[in-house]
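Enquirer: Using the sequences and the accompanying hints, generate a full structural model.
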Amino acid sequence: MERRSFLKGFGAVSVCAALVPSIVSAADEAKKVSGPNEMSVESALAAITGGKPVTLSSKVSLSAPEIAENGAVVPVKVSVESPMSAKDYVKAIHIFATKNNNVRCANVYLTPANGEASFGTRIKLGATQDVLAVAEMSNGTFLSAKQNVKVTIGGCG
Amino acid sequence: MKTLIKIKPKDYKVGDIVKVDFMAMHPMESGMRKDKDTGQVIPAHYINEVNFFFNDKVLTKMVTWESLSVNPVLSISMKVSGSGTLKVLAKDNKGDNVESSVAITPKG
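Protein chains in written order, with our numbering: chain A, 189 to 345; chain B, -5 to 102.
Just so you know, these hints were derived from the structure itself, not from any lab.
Below, computed lysine-lysine pairings styled on DSS-like, alpha-carbon distance capped at 30 Å:
#1 Lys7/B - Lys247/A
#2 Lys55/B - Lys275/A
#3 Lys13/B - Lys275/A
#4 Lys81/B - Lys275/A
#5 Lys55/B - Lys287/A
#6 Lys55/B - Lys265/A
#7 Lys265/A - Lys101/B
#8 Lys88/B - Lys287/A
#9 Lys13/B - Lys247/A
#10 Lys(-4)/B - Lys265/A
#11 Lys265/A - Lys51/B
#12 Lys275/A - Lys7/B
#13 Lys88/B - Lys265/A
#14 Lys73/B - Lys247/A
#15 Lys30/B - Lys338/A
#16 Lys338/A - Lys28/B
#17 Lys287/A - Lys85/B
#18 Lys73/B - Lys265/A
#19 Lys55/B - Lys240/A
#20 Lys247/A - Lys2/B
#21 Lys0/B - Lys265/A
#22 Lys334/A - Lys73/B
#23 Lys30/B - Lys287/A
#24 Lys265/A - Lys2/B
#25 Lys334/A - Lys13/B
#26 Lys51/B - Lys279/A
#27 Lys28/B - Lys287/A
#28 Lys88/B - Lys279/A
#29 Lys85/B - Lys279/A
#30 Lys51/B - Lys275/A
#31 Lys247/A - Lys55/B
#32 Lys334/A - Lys0/B
#33 Lys265/A - Lys7/B
#34 Lys55/B - Lys279/A
#35 Lys0/B - Lys247/A
Expert: Laid out in structure tokens, this is it:
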């Protein structure tokens, strides 16, 4: 019996502890500074696609680490399956960090002279979030790939 | 802004696809960081445009934002169509323009 009541009491304490961080983070949200180019994923995507649907596709491969120890340098590589001929090529690759203040990282406009649709760089991630890669094909469709990256130390401060 | 262009691998033939790495020494300030001593916000300072040209024909155009890491590396592929010059023009939001180029000399 003693053990049971102890466990009940312990459970109540842990519930309280779980509530406290959410209050703190709400206060942090209010203090959040907005950068010069603040933009959300929805508006950034709409500006590129013009309302056209974006479909997840295995043709787009996005490689990023699952856990990034340092959010200031996160290597990201995108490659898109395409013949890169004059008629069928990847027009552009866009990279977004979905929870950064300005979600846009890079908009890369390719030409058939690239031979291969690939792009690699290193980005800053402020917190644990999804990295989204959108490929714009020459026939007007949009394909995408997504990966969650866990960030231990944020890269924007 | 100091820049560097690397072609990998070093030896290539006409028709090969090579990797082009463009590196720049740049602070890439996001405009959201505060100076620890004064408490003032450090103004945004980032590369916002990088354009690659091969023999004055557009190879790749990029619009970049402050989310890129400090001293960014941008890598793309290029199909070697012959010898010539690969030129890269980089621009930042404070108006700094840098032009760098590298000779493309395929073997065989």
